[in-house]
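Chains as they are written, first to last, in the numbering used here: chain A, 183 to 998; chain B, 275 to 563; chain C, 378 to 556.
Just so you know, not all the hints are guaranteed correct.
Simulated restraints on C-beta separations [to be verified]: (1) K785/A with S410/C: 33 to 41 Å; (2) P342/B with S410/C: 46 to 54 Å; (3) E304/A with A296/B: 30 to 38 Å; (4) A337/A with S323/B: 54 to 62 Å; (5) A562/B with P479/C: 30 to 38 Å; (6) P479/C with S323/B: 42 to 50 Å; (7) P479/C with E304/A: 32 to 40 Å.
Now the stretches of chain A that chain C is said to cover, found in silico as 3 or more residues with beta-carbon under 8 Å [said to hold, decoys possible]: (8) 572–583; (9) 683–696.
Source of the hints: derived by calculation from the structure; they are not laboratory data.
Don't be surprised by glycine CBs; every beta carbon is placed ideally from N, CA and C.
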Amino acid sequence: MENLDHRWFGKRIRRNEDPRLLTGRALFVDDVQLPGMAHVAFVRSPVAHARIVEVDTRAARARPGVYAVITAEDLGDYWQPGPLLVSPPPIEGHIFHERTQPPLARDKVRFVGEPVVVVVAESRYLAEDAAEDVFVDYDTQTPVVDLERALEPGAELVHGDLPSNVAARAHQSLGDYEAARAQADVIVARRFRYDRGASAAIENRAVVAQWDERDQELTMWDTTQAPIPIRNGVATRLGLSHSQVRVIAPFVGGGFGPKIMMFYQEELLVPWLAMRLGRPVKWTEDRSENFFATTQEREQIHDAEMALTSDGRILGIRDRFLHDCGAYDTYGLTVPINSQCTLLGPYLVPAYDSEFTCVFTNKTIVTPVRGAGRQHGVFVMERLLDLAARELGLSPVEIRERNYIPPDAFPYDYEILYQDSAPLVYDSGDYAPALAKAVEMIGYDRFIAEEQPAARAEGRHLGIGVVSYVEGTGIGPYEGARVSVEVDGRVTVATGVGTQGQGHFTSFAQIVAEQLDVDPARIRVVTGDTREFAWGTGTFASRGAVVAGNACHAAAVAVREKILKLAAELLHAEREELELAGGRVLVRGQPERSFALGDLAAKANPLRGAVRPGTEPGLEATAYFGPDRSCTASGVHAMVVEVDPETAMIELKRYVVVHDCGHVINPMIVDGQIHGGVAHGIGNAFYEKLVYDDNGQLLTASLMDYLLPTSLDVPTIQTAHFETPSPLNPLGIKGVGEAGAIPVGALFAQAIENALGDEAPEILEIPLSPNRLFELMTARATRTGSAAGAGTAAPARPEIGVPARRAAEPGEAGPA
Amino acid sequence: MKPPPFEYHAPPTLVEALTLLAQHGDEAKALAGGQSLIPVLNFRLARPSVIVDLNRIDELIGIDATGPSLRVAAMTRQRAAERSTDVAERAPMLAAALTHVAHPQIRTRGTIGGSVAHADPAAELPAVMLALDARFRLRRGAEERTVAAGDFFTGLFSTALEVDELLIDIEIPAPAARSGWAFEEVARRHGDFALVAVAARVVLDSAGAVSDARLAYVNAGPGPFRSARAEAVLVGQTPDPDLIRAAAAAAFEDARPAADVHASAAYRRQLTRVLTARALAAAFARAAA
Amino acid sequence: MRGPERIDHFSARPFREGAPLSTIPVQIRVNGSTYDRTIEPRLLLSDFLRQELGLTGTHVGCEHGVCGACTVQLDGEPVRSCLMFAVQAVGHDVSTVEGLAPNDTELHPLQAAFREAHGLQCGFCTPGFLMTLIPFLREVPNPTPDQIRHAVSGNLCRCTGYQNIVEAVRLAAAAAEPV
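With the hints as extra help, turn the sequences into a complete structure.
This is the structure we're talking about:
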C-alpha cells in the first residue's frame, strides 16, 4: 500500500449498506415470502439423554393444514451424520473421535433441543400446533453434564460405542517445562473455570428453500456465515451438481460464530423437504429454539501453573484443561487449540507444556463463538500474571512490560500448531507502546495515587485493571473476488464470504476505490450469493476483511492493469503517463486525453471487431488470496470499575481499548467492531450465563434469564489504534471482529479484585454475577474470619445503610 | 413461539366482560396489558380456551384525584400513571417504582391492575400497594367488594380474586403529614425483575418518633409481604443509624426468599438487609424534610 | 381511550373438530393506509405486519418482549408488536419503520444520524431502536447521554455496544434544534 496516496483506504466513510437497513428494505432470510410456501416446526427432545422408544406422528399427520410429518425413519438414505467441519491439525499423538450430528435423532437423543421430528404445515402457527400432537416415548438415561464426572470410570456414555466420554486429546509443548520449574523462584498454580455463553445474535437462524422443477435448480436462503461450503455440501447430499444449487446469505442479523456450522440439521432438512413436497419451505428459528439448537461455547476447566524468576520473568507454563464439546464434535479441535495457542499471548514463554481433553456431554454442540476459545487462554495467562505480580510485589503493568516479546523478535515462532494447522508464528507486533498508551488513557498512575484512595475515604470501592492479549486472525485457506467496471462507470465487486454487519459493503468498496479511484458510494459489493461468486469459504476467525479484502485488492489491481493497458492503446499514450482519478483514466496533466471508466468498459466489450487472442472482454478481473498462516492482532484493555460490596453490584466507570489490527481500512467500522466485541465480553464476564442443571436442562433459556448487556451496562469505550502492518498480506491488515470480546473476563477479574483491595477474594472463574461475587466474598470472609466481607451473616455488621467512613490505610488498595 | 388457539372476546363494557368470565369460569383468562400473559402464551406455557380482552373497556381506564384518595382504574396503562402529575403528587412511590418496571415499550401496554392481579413475586407494584396501604375494588357479576392490599395478595401468583372476578380500581390513601417514602431495588439490569426490592413508608409524630412504618418486599418471600418484625422495631422509636440497623436486621430475619439462577436465598437476604437500611435512611430523610 | 373508532364486540371461537380455525375480519391502519384482512385472533401483530402486509422491516428477535427488535408505534407510542394480537390494533394507528423516511431516496433525520454515527452494524435491531426513539425525541428533544441510554435500555443490540447509537441520537437531536 505504500505506493498509494490513500484516497479512500483508511478513511472514515459512511456505509453503503445503511440506507437499506435503516428503512426496513434490507432482505433478511425470514423476509423471504414465496407463493405456496410451507412452514416448519420441530419436535425437539425435552430431555438431555434418552433412548427413543417410540415416535407416534398419527395425530399430527391428521391435523388439517399439515403437509408432512417426518421422522428419522422417513429420511431413508438421506439420514446420515453430518460431515466433520474442521479436521484436527496433525498434532503428534493426538486422539480424535469423530461423532457428528444426524439430521434427526433416530435411536437416541443426546441434548435437550435435538431435533427428533420435523412438521411441515400451512403456517408456523399450525406447524407448532401439530408438533404438540407428536408423541415420543423417551427411555431416559443418566445425563452427562459435569466435565469431570463425565470422565469418571463407569460414567454414562454420550456415545455408547466409545470407551469413554473423551472426544479428543492433544498435547503441545515447547522447551522443557520441568527444567524451567526447577529453576523457578516462584510458582503460581490455580484452577480456572470458564462457563457457557450464547452468541445471541438478535436475528435467529432461518432457512428457506425452493426447488424449481422446470429449471432443476434449488435456491436456498440461509443465515449462514459460509454460503459456498453450504452450497457445496447441500448439493452433494441431495445428489445435485454445485451449479444446480444457489445459496444466498442475504443480510444476516449478526453471526458471531454459530452461524457457521456444517451442517445444522435444519440446513439439510429444509431443502430436502422443499424438493420432496414440491413447494417452498421456510424454517425460522425462534428464540426458544435458539437457546438449544444454535451452538454455544466456553466451558473449560484449566489446572495451570506458571514458573517465574524473582524479578517476574516467565520461565514456563504448564496447563492441563478440559474442554466441553457438547454432544457432538463437528467443529474438530478449533476451539481448544485456540485456547492452547492464545494462552501464550504477547509474552515470551520459553517453556510450555499444554494438554487438553475434549469431553462429550449431553449439552448443546460447541462451536466457536466470538473469540472462539481465545478468551480462556487469555484468562488463564492474565490471571497467572496477576497472581504472580501480587506474590512478587509487582504491579500488573510492570509484570506485563517485563514479559512482552520485544519488537525486534518478529516473526516470532512459537513452534506449536495453530487451528489452521500452520505453525504459530506471530507476524508482527509492538506491545509495550500499546500498554503505555492504555495506561496513559485510563489514567492508571493518578488512579492509584489519588482517585482510588479518595474514593476509599468516602467508603467507595473503585478498582482498575489492565490486560493484554493477541489474536491469530485472518487464516486461510483463501477467498476470491471479482471486480467489474460497468458501462455506467459504476463498479461491482463480488465475493463469496457472508457478511453479518461488519461493513464489508463499504470496506471492500474502499479497497477497490483505492485502486480505481471511483467513489465507494458508486461501488456495489455483492457478498454471500453463490451465483455471484462461487469460490470461497466464509466469515470466521476474524478473516473476512483480511482474506476477502486482499482478494478484492488483487482483483482491483488486475482491473487497474486492464484499464491502463487499454487506455494506453486508445489514448496513444505510454502506460506510465496515465493515472486514474475521479472515475476516469487520463494522461497525467492532460485531462482532455481521458476516458470515463464506464466508456472504457464499453470499448472493452465491442459489438463489432474481434477480441484478440490473449485478451478478455470487459474491464473485469477475478483474483484470489490465500495467506500462508494467520496474522497476529493484539491489544490492551483497561478499565475502572466501582463495586458495591454490600450488594455486589458493579458499575463500569471508564473503559479503554488500545488495539493493533495492522492497517485500518475504515476507522469508524473498526471502532464499531471493538465496541461490539467489548459489549459481548462484558456480557460474558458479568451478565450472561447458560446455566445447566444436573439433568442437562438449561435454566436460562429466555432473554429474561439470559441477560444480554443493555445500553445501561456497556460504558463509553475510548479507543486508540497502533498499526504494525502484517507482512503476510499486501494490504498489511489484520482481523478485528473478535478482538473486543477476548480479554474482558480477565480484565473484570483483575479490576474487581483491585476494587475490593485487601478484602478481595481471588477471582478464578468467568462468568461472574452479583450473586457469584457475593458468594466469593462471603467465602473469603468466612475463611479469614473477617467481618468486612459482604456475605457475613453476622447480625452486627458495621456498615449497613450508612456510608462507610473508614479511611483507607496507606497502600491498602492497589498493587503494593 | 406462536400462541395456541383460543376463543377470543373483546367486550366493550365491564358488564359484558364479567358475564363472559362467569360463563367460562376457569377456562377463561382476562387479558389486560398482555405484557406477562402474551409471552406465556407464546411459549405455550398456558393455554386458556377463552381470552376475555379488557382493552376495549373505557370505564376501566383513568386516574381520579378528585376525592380524598387517589383512584387508579385497573386498565390504566403504566406509562400513563408514570406520567401523571396526580400520581407524582399523591403517590410518588408508585411513580418511582414504575420506572423500574421493564421498559417504556412494555409500560405503554402494561396496566397497573394487570400487574397487581398477576401478583408476580418479583414484580414491583404489589409491594408498593402493600406499603401504600392501597385498597382494591373487585367486582363479580353485580357484586362489588373492597379488599385491603394485605388481604389481596395471598402468595405466589395468587390473589383474593375469584376466577370470574375483576379488579376495578385501586384506591391509594393520601399520605399522612410528616411521612416519608422510598423505593429501593437491586436488579441484574435496569428494567429486569427485582432480585429484591423494598417499598418503605414511615410516618413521624410531632416529637419525631416513628408513629407508623410499612416495609413491603419484592422477591424476599413467596409473595409480596411486609416485615412485621422490622416495622415493630421501628414504631415508637426515634430514627438513628442504630435503629435503621436493627430494623434491617429484623427484615433479614423475616425474609424467606427463594433461590433461582440469579440469586441464592442467602444473597437475597443480604440484599433485603442492605436495601431496608438504604430505604429507611431515604424515607426518614423525606419525612423529616 | 386512544382509538377514535369504537369497536363494539369482537368474538371469535377456535375450530372445533374438523372445522377450520375461526377467523375475524379486521381493518387495521398502518402507516396511514387501511388494510382489510381476515385473521386468527391469535395472530401476533408482528406476524400480521410481516406476513399479511409484507412489511418486513419490523423484525422479530425473541417473541417474549425482551429484545425490542419488533417495536412499532401504536398511536405514536412504542410497543412490542410481539406482545399484541393484531386484532387488538383495530381502531388504532400503527406505525412501522417503513413509514419513517419521507420518500424513497431520502432518510428521516434520525435514520441519517444513525448512518452518520455508525449506529448500526448488522441492522437487524435498528428498526426497533428507531421506532422507540422517535417518540422519545418528541418528548425529550435535547436528551443527555444518560437519558438516551435509559430510553433504549429496552432494545438489545449485539453489534454496536450502544455507544454509536447514543451518539446518533445526540446528532439527531442537535440537528433538529431550532437555529
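We went through each hint and held it up to the structure:
no.: 1; hint: K785/A with S410/C: 33 to 41 Å; verdict: violated (48 Å)
no.: 2; hint: P342/B with S410/C: 46 to 54 Å; verdict: holds (48 Å)
no.: 3; hint: E304/A with A296/B: 30 to 38 Å; verdict: holds (36 Å)
no.: 4; hint: A337/A with S323/B: 54 to 62 Å; verdict: violated (46 Å)
no.: 5; hint: A562/B with P479/C: 30 to 38 Å; verdict: violated (55 Å)
no.: 6; hint: P479/C with S323/B: 42 to 50 Å; verdict: holds (47 Å)
no.: 7; hint: P479/C with E304/A: 32 to 40 Å; verdict: holds (38 Å)
no.: 8; hint: 572–583; verdict: violated (count 0)
no.: 9; hint: 683–696; verdict: holds (count 3)
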